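Got chain F; can you put chain H on it based on the hints?
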Amino acid sequence: MAVVLILVLLVVGSLLFHVLSPWWWTPIASNWTYIDSTLVVTFWITGVVFVAVVLFMAYCVFRFRHKPGNKAAYEPENRRLEMLLASGTAVGVAAMLAPGLVVWNQFVTVPDEASPLEVVAQQWLWSFRLPGVDGKLGRADTRDITSENPLGLNRNDAAGLDDVIVEGGELHLPVGKPVRVLLRSVDVVHDFYVPEFRAKMDVIPGMVTYFWFTPTRTGTFDILCAELCGVGHPQMRGTVVVEEAADYQIWLDQQQTFNQLLASGEQQPVN
Amino acid sequence: MVEIPSGSAGAVPAAEVEDVELYHPKSWWTKYVFSQDAKIIAVQYSLTAISIGLVALVLSWLMRLQLAFPGYFAFIDANHYYQFITMHGMIMVIYLLTALFLGGFGNYLIPLMLGARDMVFPYANMLSYWIYLLAVLILVAGFFVPGGPTGAGWTLYPPQAVLSGTPGGSDWGILLMLFSLIVFIIGFTMGGLNYVVTVLQGRARGMTLMRMPLTVWGIFTATVMALLAFPALFVACVMMLFDRLLGTSFFMPAIVEMGEQLQHGGGSPILFQHLFWFFGHPEVYIVALPAFGIVSDLISTHARKNIFGYRMMVWAIVVIGALSFIVWAHHMYVSGMNPAFGFFFATTTLIIAVPTAIKVYNWVLTLWRGDIHLTLPMLFALAFIVTFVNGGLTGLFLGNVVVDVPLSDTLFVVAHFHMVMGVAPILVIFGAIYHWYPKVTGRMLDDFLGHIHFWITFLGTYAIFFPMHYLGLLGMPRRYHELGDTVFVPPSANTLNVFITVMALVVGAAQIVFLFNLVWSLFKGRQAGGNPWRATTLEWQTPQTPPAHGNWGRDLPVVYRWAYDYSVPGSAEDFIPQTQPPSGGLTREVVA
Chain F
235 MAVVLILVLL VVGSLLFHVL SPWWWTPIAS NWTYIDSTLV VTFWITGVVF
285 VAVVLFMAYC VFRFRHKPGN KAAYEPENRR LEMLLASGTA VGVAAMLAPG
335 LVVWNQFVTV PDEASPLEVV AQQWLWSFRL PGVDGKLGRA DTRDITSENP
385 LGLNRNDAAG LDDVIVEGGE LHLPVGKPVR VLLRSVDVVH DFYVPEFRAK
435 MDVIPGMVTY FWFTPTRTGT FDILCAELCG VGHPQMRGTV VVEEAADYQI
485 WLDQQQTFNQ LLASGEQQPV N
Chain H
151 MVEIPSGSAG AVPAAEVEDV ELYHPKSWWT KYVFSQDAKI IAVQYSLTAI
201 SIGLVALVLS WLMRLQLAFP GYFAFIDANH YYQFITMHGM IMVIYLLTAL
251 FLGGFGNYLI PLMLGARDMV FPYANMLSYW IYLLAVLILV AGFFVPGGPT
301 GAGWTLYPPQ AVLSGTPGGS DWGILLMLFS LIVFIIGFTM GGLNYVVTVL
351 QGRARGMTLM RMPLTVWGIF TATVMALLAF PALFVACVMM LFDRLLGTSF
401 FMPAIVEMGE QLQHGGGSPI LFQHLFWFFG HPEVYIVALP AFGIVSDLIS
451 THARKNIFGY RMMVWAIVVI GALSFIVWAH HMYVSGMNPA FGFFFATTTL
501 IIAVPTAIKV YNWVLTLWRG DIHLTLPMLF ALAFIVTFVN GGLTGLFLGN
551 VVVDVPLSDT LFVVAHFHMV MGVAPILVIF GAIYHWYPKV TGRMLDDFLG
601 HIHFWITFLG TYAIFFPMHY LGLLGMPRRY HELGDTVFVP PSANTLNVFI
651 TVMALVVGAA QIVFLFNLVW SLFKGRQAGG NPWRATTLEW QTPQTPPAHG
701 NWGRDLPVVY RWAYDYSVPG SAEDFIPQTQ PPSGGLTREV VA
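Top line first, the protein sequences correspond to chains F and H. Plus 234 on top of the position in the first sequence (first one is 1) and you've got this note's numbering. Plus 150 on top of the position in the second sequence (first one is 1) and you've got this note's numbering.
Keep in mind the hints are simulated off the structure, nothing from the lab. Here the structure is a predicted model, which means the values were calculated and not measured. Take the hints with a grain of salt, since some may be wrong.
Unchecked claim - Among chain H residues calculated to face chain F with C-beta under 8 Å, some are:
1) 309
2) 403
3) 405
4) 420
5) 489
6) 496
7) 529
8) 536
9) 552
10) 555
11) 556
12) 612
13) 629
14) 643
15) 646
Claimed, not checked - Between beta-carbon pairs, the in silico distance windows are:
16) 640(H) / 270(F): 15 to 23 Å
17) 204(H) / 315(F): 39 to 47 Å
18) 290(F) / 640(H): 33 to 41 Å
19) 169(H) / 278(F): 55 to 63 Å
20) 278(F) / 731(H): 48 to 56 Å
21) 303(F) / 358(H): 32 to 40 Å
22) 401(F) / 204(H): 44 to 52 Å
23) 270(F) / 204(H): 39 to 47 Å
24) 401(F) / 644(H): 31 to 39 Å
25) 242(F) / 696(H): 38 to 46 Å
26) 243(F) / 171(H): 56 to 64 Å
27) 215(H) / 441(F): 35 to 43 Å
Glycine included, C-beta positions come from ideal geometry on N, C-alpha and C.
For reference, chain F alone in the conformation it holds in the complex:
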């Protein structure tokens, strides 16, 4: 009997924990509310199945536990019941998968008006690059990285000379404007992760990965690395400030371009 009671308590306790505990996702700050909705649908479907299976089991233990003289039934198969359960499961799975794939389609389809933003990861800090007035990012290569050119931009590519370079991990973004994030690593695998944006993506050396989102509310959010990248992994932090367009423009004007960076590098005396 203790077994039955504990199984029931386990179900009740899990449900209460889900409803009452203070630990739930942090309020969203991007357009990916569909992700949250799909997650809630999944919670409902899986929650019902969990409760049903465990309670059914508890009932079986209660009703059919051994008593002297009992004998079990002999029922090797029941094709109808098995088929019924299999099809029911298939329907439940489809109910989760279908919205998931629809949202994934949105996730991988970058809108044309999204403006590019390059995130460059290295052990253990974040840097950023924004297109200049031409709206385009110039070419870059890990092989071109030097101490004056920390992001490895191609000096012969005119499109890159006006690119804005942000070192030191504080990024600003205008609210309400879709961003196409292009991710590049110069050493190991990292992952650009802002919990409030829901979206995240690995940063792989040797290739450019991407995702997109639209910041939907102003505020200051933590950037974390979500892929183990060595002992400094937890310290690899940055900040993203989402602000109104006017404030964003003020910040943007204070940042230096690649051209300015090169010029300041050349002015320094050689030791």
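Only chain H this time, still in chain F's reference frame:
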């Protein structure tokens, strides 16, 4: 209406292969140390796996202490923390779970359950264990070399695994890990081929494939999968060794490490991830399928009822095994691979939920109208179902590509895989040990100690991993030595972390009760007799307990029925052993 499956009592074909003479050991050394007896090898595998598992348990304590009380224990610095999580993961997945299920239970149960005298290649079987032991020793050596073991995470993703920013990356750590895995795979291949050939060729007369106990089906399918999946890990290890030692660039693109240009270029880190997970996902089922099989037999035996839907159960095992080879990239949804793959892998991954759910239904339907004896094996089986259902359902979150995006690389993932492929299979291992210990030793494990062990382990692990999902939902990343200051994590989350750590310490301590029980019962346990659970399968029908070398005395057993004739209507006993001929006219032609 009850339809009798094809595996029920019937005729038995004549023997096709003659009984063979086994190698008989001549000294204590060849009998107990360099033994070719699968039962001794099984015990060797099991003891080695449990010993190295204890190391992993202690490592988990250390990492939990750090997570609950960051900075309080000075010796757990970032380097050590990453070494602990790496070794914990690798030991649990490969050197404990894989070795114990296939090397331990596989060796003990395959010949006995199929009515064979031994594995078909006893000598290769012996070699398999000693090579496994060598792999374990190489792994452990990592703790004693300069720089310590690797801290690359059990997934060993390059380039960080072989660079100096990771513990052991530019020292011996990563090399020993790769060597150890390579040696393990060589040893496993010898054992694995043995299990497959024994199942296909070594069965007793009358033991058709569709009369095999589900335990054997689970171990057999898992072994076939392992033989197909481990080569991917093998080549990945060799390629990474080349990258690290010979300067090749399989996985190494152009890299600037700490301001310095490295001499690599053109390689692909994602290639490693594909190879790793092509092994890594089947690996989940290499651990899960033996557990599925064993738990089916535990439930059937202790509920005194045939397993419900045997044929469907067999097909589910085979279909899960096959599907598991085309779902690997669900570990890589946010890896930067072509996002179009997401559609395919999310679909295959969620399809696998259907045969898996069928298995769960059939377990609970076996309980329905059963005669449930709440023995320790049954309790562990019930606990397995709860844990597995919980962990399996959270897999539907992570498998559904878009839901995975916010959750991947958070503690939600850690909680999920511990539930589904950590705790759940281990609960089955415990249930199986309580079930088969009487056959191995001739004595019963102590019931009172067993109950203490069971309740703390079952409820404790649930208390560890159920709340952990919510920390992940909150956004708490995994593999963080310390969380530091974050805006989105409330201070109360740290209280939960302390609670989880306390539970982890308690659950770990409860395993001491189990170990004590194993030793104490060996000498003081109640005498078990040959068939204490009144079970139908062949291993309980041996002439001696523990079974002698060669298992069956003079004559091999002959099998007349499937493994699940419990509570057959009209039968006096509530079980009919597989060796019992059907009452009626079939006996004569069988003997002929």
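To see whether the hints hold, each was checked on the structure:
1. 309: holds (5 Å)
2. 403: holds (3 Å)
3. 405: Hint holds; residue 405(H) Cβ to chain F Cβ min 5 Å, cut 8 Å.
4. 420: Result: holds, 6 Å to nearest chain F Cβ.
5. 489: holds (4 Å)
6. 496: holds (6 Å)
7. 529: It holds, given that the least Cβ distance between residue 529(H) and chain F is near 7 Å, below 8 Å.
8. 536: This interface hint holds because 6 Å falls under the 8 Å limit.
9. 552: holds (4 Å)
10. 555: Hint on residue 555(H): holds, closest Cβ of chain F at ~6 Å, below 8 Å.
11. 556: Constraint on residue 556(H) satisfied, holds at 4 Å.
12. 612: Status holds, d = 7 Å.
13. 629: holds (5 Å)
14. 643: Result: holds, 6 Å to nearest chain F Cβ.
15. 646: Interface hint status for residue 646(H): holds (7 Å vs cutoff 8 Å).
16. 640(H) / 270(F): 15 to 23 Å: Taking Cβ atoms as reference, residue 640(H) and residue 270(F) lie about 19 Å apart, which means the hint holds.
17. 204(H) / 315(F): 39 to 47 Å: Cβ of residue 204(H) to Cβ of residue 315(F): about 44 Å, so the range 39 to 47 Å holds.
18. 290(F) / 640(H): 33 to 41 Å: holds (36 Å)
19. 169(H) / 278(F): 55 to 63 Å: holds (59 Å)
20. 278(F) / 731(H): 48 to 56 Å: For residue 278(F) and residue 731(H) the Cβ distance comes to about 53 Å; the hint holds.
21. 303(F) / 358(H): 32 to 40 Å: With a Cβ separation near 35 Å, residue 303(F) and residue 358(H) satisfy 32 to 40 Å, so the hint holds.
22. 401(F) / 204(H): 44 to 52 Å: Roughly 48 Å apart at Cβ, these two residues keep to the hinted range, so it holds.
23. 270(F) / 204(H): 39 to 47 Å: holds (42 Å)
24. 401(F) / 644(H): 31 to 39 Å: holds (32 Å)
25. 242(F) / 696(H): 38 to 46 Å: holds (40 Å)
26. 243(F) / 171(H): 56 to 64 Å: For residue 171(H) against residue 243(F), whose Cβ atoms are near 58 Å apart, the range 56 to 64 Å holds.
27. 215(H) / 441(F): 35 to 43 Å: holds (39 Å)
Comparing the model with each numbered hint stated earlier shows that all of them hold.
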